[in-house]
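Chain A is fixed; fit chain B onto it per the hints.
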Amino acid sequence: MIFASAPSVHADLLALRRAGWVAIARTFIGPVLLVLACGVLAAIPLYWDLGWLVLASAVLALVGSHALTRHRLTAALVRARFGWCGALPVRTPITSGILIALTLGSLIATVLSGSLLLAGAAIPAPRRDALAFGLLAMDGGLLVGSLVAVVQALRKGDVARSRHVDGIREPLFALPWLNDPRLPHLLDWQRRSALVRWRSGGGFALVGVVLAGVPMGAAIFDVAGLVLLALALAWLAVVTKACMTVANDARELLGATPVPAGRMRRGSLRYPLIALLGATFLAAFGVLLLRGGLVSMVVWVVCAAAVSLRPLLRIIKTMPPGRSP
Amino acid sequence: MTALLSAAGLHAAYGDERVLKGVDLEIAHGEFIALIGPNGSGKTTLLRAIAGMVPLDKGRVCIGGSDLVVVPQMAKAKIGFAVDPAALPALLTGRECLALFAGARGLPAIPPATLALGETLSLTSVLDRRVVSYSLGMRQKLGVLLGLLGEPPLLLLDEPFNGLDPRSALAFKQHLAALVADANMSVLLATHSLDVVERYATRALLLLEGCLRHAWDANALAGLRAHPGRSLEMAMAEACGD
Numbered sequence: 012m013i014f015a016s017a018p019s020v021h022a023d024l025l026a027l028r029r030a031g032w033v034a035i036a037r038t039f040i041g042p043v044l045l046v047l048a049c050g051v052l053a054a055i056p057l058y059w060d061l062g063w064l065v066l067a068s069a070v071l072a073l074v075g076s077h078a079l080t081r082h083r084l085t086a087a088l089v090r091a092r093f094g095w096c097g098a099l100p101v102r103t104p105i106t107s108g109i110l111i112a113l114t115l116g117s118l119i120a121t122v123l124s125g126s127l128l129l130a131g132a133a134i135p136a137p138r139r140d141a142l143a144f145g146l147l148a149m150d151g152g153l154l155v156g157s158l159v160a161v162v163q164a165l166r167k168g169d170v171a172r173s174r175h176v177d178g179i180r181e182p183l184f185a186l187p188w189l190n191d192p193r194l195p196h197l198l199d200w201q202r203r204s205a206l207v208r209w210r211s212g213g214g215f216a217l218v219g220v221v222l223a224g225v226p227m228g229a230a231i232f233d234v235a236g237l238v239l240l241a242l243a244l245a246w247l248a249v250v251t252k253a254c255m256t257v258a259n260d261a262r263e264l265l266g267a268t269p270v271p272a273g274r275m276r277r278g279s280l281r282y283p284l285i286a287l288l289g290a291t292f293l294a295a296f297g298v299l300l301l302r303g304g305l306v307s308m309v310v311w312v313v314c315a316a317a318v319s320l321r322p323l324l325r326i327i328k329t330m331p332p333g334r335s336p
Numbered sequence: 002m003t004a005l006l007s008a009a010g011l012h013a014a015y016g017d018e019r020v021l022k023g024v025d026l027e028i029a030h031g032e033f034i035a036l037i038g039p040n041g042s043g044k045t046t047l048l049r050a051i052a053g054m055v056p057l058d059k060g061r062v063c064i065g066g067s068d069l070v071v072v073p074q075m076a077k078a079k080i081g082f083a084v085d086p087a088a089l090p091a092l093l094t095g096r097e098c099l100a101l102f103a104g105a106r107g108l109p110a111i112p113p114a115t116l117a118l119g120e121t122l123s124l125t126s127v128l129d130r131r132v133v134s135y136s137l138g139m140r141q142k143l144g145v146l147l148g149l150l151g152e153p154p155l156l157l158l159d160e161p162f163n164g165l166d167p168r169s170a171l172a173f174k175q176h177l178a179a180l181v182a183d184a185n186m187s188v189l190l191a192t193h194s195l196d197v198v199e200r201y202a203t204r205a206l207l208l209l210e211g212c213l214r215h216a217w218d219a220n221a222l223a224g225l226r227a228h229p230g231r232s233l234e235m236a237m238a239e240a241c242g243d
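Here the protein sequences line up with chains A and B, keeping their order.
Under my numbering, the first residue of the first sequence carries the number 12, and numbering increases by one thereafter.
Under my numbering, the first residue of the second sequence carries the number 2, and numbering increases by one thereafter.
Chain A on its own, in the form it takes in the complex (with noise of 0.2 Å):
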């Protein structure tokens, strides 16, 4: 068997199927909500002109595939070069090779996935002959930003680096008080966890790619209200999964101690919180940009809502150590 010359991704797939449908399903999430925010696009007013909203559509596939593609293939390659069996002699270019068709596979699965969807949405919609250029520009968009990550992942020193990379980096206004005092440094503990996620995914350096779907001649004021509305959106992705899991490693490590799990829960629930309100108050701010209206933003609660529900539940629901779910 193939998977058996890379023993780390052997071991990454077993443990999948193990998790069951759920774990299996939730890795296909991210490439499905892209597709559906593509939909979402076509709220936007500033999108209502077919081209643009065809281009942009391009633009945000190709942006999340490379986030998502580059995030989880640098993952895969640090446990395979530094992980349990890193020191087993296997060749770096079988276990690269696995990964990418790896990727491939997922990216056609996602491509299918998407073009039904939309292809599905599309049936009622009044400019039909529009979807193939749709459909056309979403894959393209994909397949692009995927291989592009793939590329960047394989780089010499890519995996290095972000195997090391400290993520620690004194916010601009230190804010004390918002730690909880019986849990100090948890709160600094999400955030670099946080920004560590948001490098690895291709940082800042996304907001000049999600301006290139802009349309052309739009008001300066449309603009920033876009960028402010997808970096909004964005960073509470991020934001919201790192504290998920660093709330669960945070649970275990502190598990002999006295602390109360109403407390724990609580202290970490702020920064997620924080973050969600420091998002939803740009993404109003880009809404008011956009001249959007009660539309736009509710569109983008609810895009919100479908990035951040699962982990805030999940914070919510953790149960401290020893005791049986």
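There could be a bad hint or two in this list.
[What the hints assert, rightly or not] Here are the computed distance ranges between Cβ atoms for each label pair: (1) B:Pro113 x A:Ala235: 49 to 59 Å; (2) B:Pro113 x A:Leu186: 20 to 30 Å; (3) A:Gln163 x B:Asp85: 30 to 40 Å; (4) B:Asp196 x A:Val162: 51 to 61 Å; (5) A:Gln163 x B:Asp183: 55 to 65 Å; (6) A:Gln163 x B:Asp25: 56 to 66 Å; (7) B:Ala184 x A:Val312: 50 to 60 Å; (8) B:Gly230 x A:Arg28: 49 to 59 Å; (9) B:Ala238 x A:Ala22: 34 to 44 Å; (10) B:Leu171 x A:Phe93: 42 to 52 Å; (11) B:Ala216 x A:Leu27: 39 to 49 Å; (12) B:Asp129 x A:Gln163: 27 to 37 Å; (13) B:Ala114 x A:Ala22: 34 to 44 Å.
[Stated by the list, open to error] Below, a sample of chain A positions facing chain B; criterion: calculated Cβ distance under 7 Å: (14) Leu194; (15) His196; (16) Arg203; (17) Thr268; (18) Pro271.
Honestly, the hints are just simulated from the structure, not real lab data.
Glycine residues also receive a C-beta, built at the ideal position from the N, C-alpha and C atoms.
Chain B alone, transformed into the frame defined by chain A:
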């Protein structure tokens, strides 16, 4: 006198794998107890169960008279569990980890005694560095400091000497012995370092296949130390049936 730790009929399992099969254990104040046994006998699981980090299928743990399930905060306030070096948060500095644990234990700041022990273990100079840059030995020292923080009455230590340089290991052993002798603290130490057990423990317990099978009290351990042809290693091998 009330026992500091009273564990009765502990049963725990990972899935279908039964790891603890009815462990009864009592520890009094000022005892230094060593838990020995082959790999996979359940030593770590027993420590984690006592710390409330492994769900019990059956059994009851009381620490200082507080039931671990009924009043977990009160029970956990009386224990310190050295942290597994692999579980330390890589993105925090050593000092931030200490502050986090101090807060979690309800202390206003990192106690001077903890910082003094850090100095003894030569950890002070790296406390402001991120844990990701620590060697195994440094992580082990930090994990031990986190367990000892606030000097709770019962210390649970799982192979705390792994990766420690000889000088630090000696200093740590002497510190533990002093805590037991002077501060009346109790230690439950899971280890394969039988020389440490022979020299420092007041009682040694052999855990085999999830059950406590044999115990050596202070007199028996003194007898082993005094006999040139005997050792705890031999006694353990005999008790294991080798």
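Hint check results:
With their beta carbons about 52 Å apart, proline 113 of chain B and alanine 235 of chain A fall inside the hinted range of 49 to 59 Å. Taking 20 to 30 Å as the suggested C-beta distance range, the pair proline 113 of chain B and leucine 186 of chain A conforms, at roughly 28 Å. As the Cβ distance of glutamine 163 of chain A to aspartate 85 of chain B is approximately 34 Å, the hint placing it in 30 to 40 Å holds. The beta-carbon spacing between aspartate 196 of chain B and valine 162 of chain A, approximately 55 Å, falls within the hinted interval of 51 to 61 Å.
A hinted range of 55 to 65 Å holds for the C-beta pair glutamine 163 of chain A and aspartate 183 of chain B, which are about 59 Å apart. Restraint check, glutamine 163 of chain A to aspartate 25 of chain B: a C-beta distance of roughly 58 Å satisfies the suggested window 56 to 66 Å. A hinted range of 50 to 60 Å for the beta carbons of alanine 184 of chain B and valine 312 of chain A is consistent with their spacing of about 56 Å. For the hinted restraint 49 to 59 Å between glycine 230 of chain B and arginine 28 of chain A, the CB-CB distance of approximately 55 Å keeps it satisfied.
Checked against the hint of 34 to 44 Å, the pair alanine 238 of chain B and alanine 22 of chain A passes, with Cβ atoms roughly 35 Å apart. For the pair leucine 171 of chain B and phenylalanine 93 of chain A, the beta carbons lie near 33 Å from each other, so the given range of 42 to 52 Å is not met. Here the CB-CB span from alanine 216 of chain B to leucine 27 of chain A is close to 45 Å, well matched to the stated 39 to 49 Å. The beta-carbon spacing between aspartate 129 of chain B and glutamine 163 of chain A, approximately 33 Å, falls within the hinted interval of 27 to 37 Å.
Under the hint 34 to 44 Å, the C-beta atoms of alanine 114 of chain B and alanine 22 of chain A, about 43 Å apart, fit the expected range. With a least beta-carbon distance of about 6 Å to chain B, the hint placing leucine 194 of chain A at the interface is held under the 7 Å criterion. Nearest Cβ of chain B to the Cβ of histidine 196 of chain A: about 4 Å, under the 7 Å cut. The hint holds. The restraint placing arginine 203 of chain A at the interface with chain B holds, with a minimum CB-CB distance near 4 Å, inside the 7 Å limit.
Interface restraint check for threonine 268 of chain A: the shortest CB-CB distance to chain B comes to about 4 Å, inside 7 Å, so the restraint holds. Taking 7 Å as the C-beta contact cut-off toward chain B, the hint placing proline 271 of chain A at the interface holds, the least distance being around 6 Å.
Checked against the numbered hints above, the structure breaks only hint 10 and satisfies the rest.
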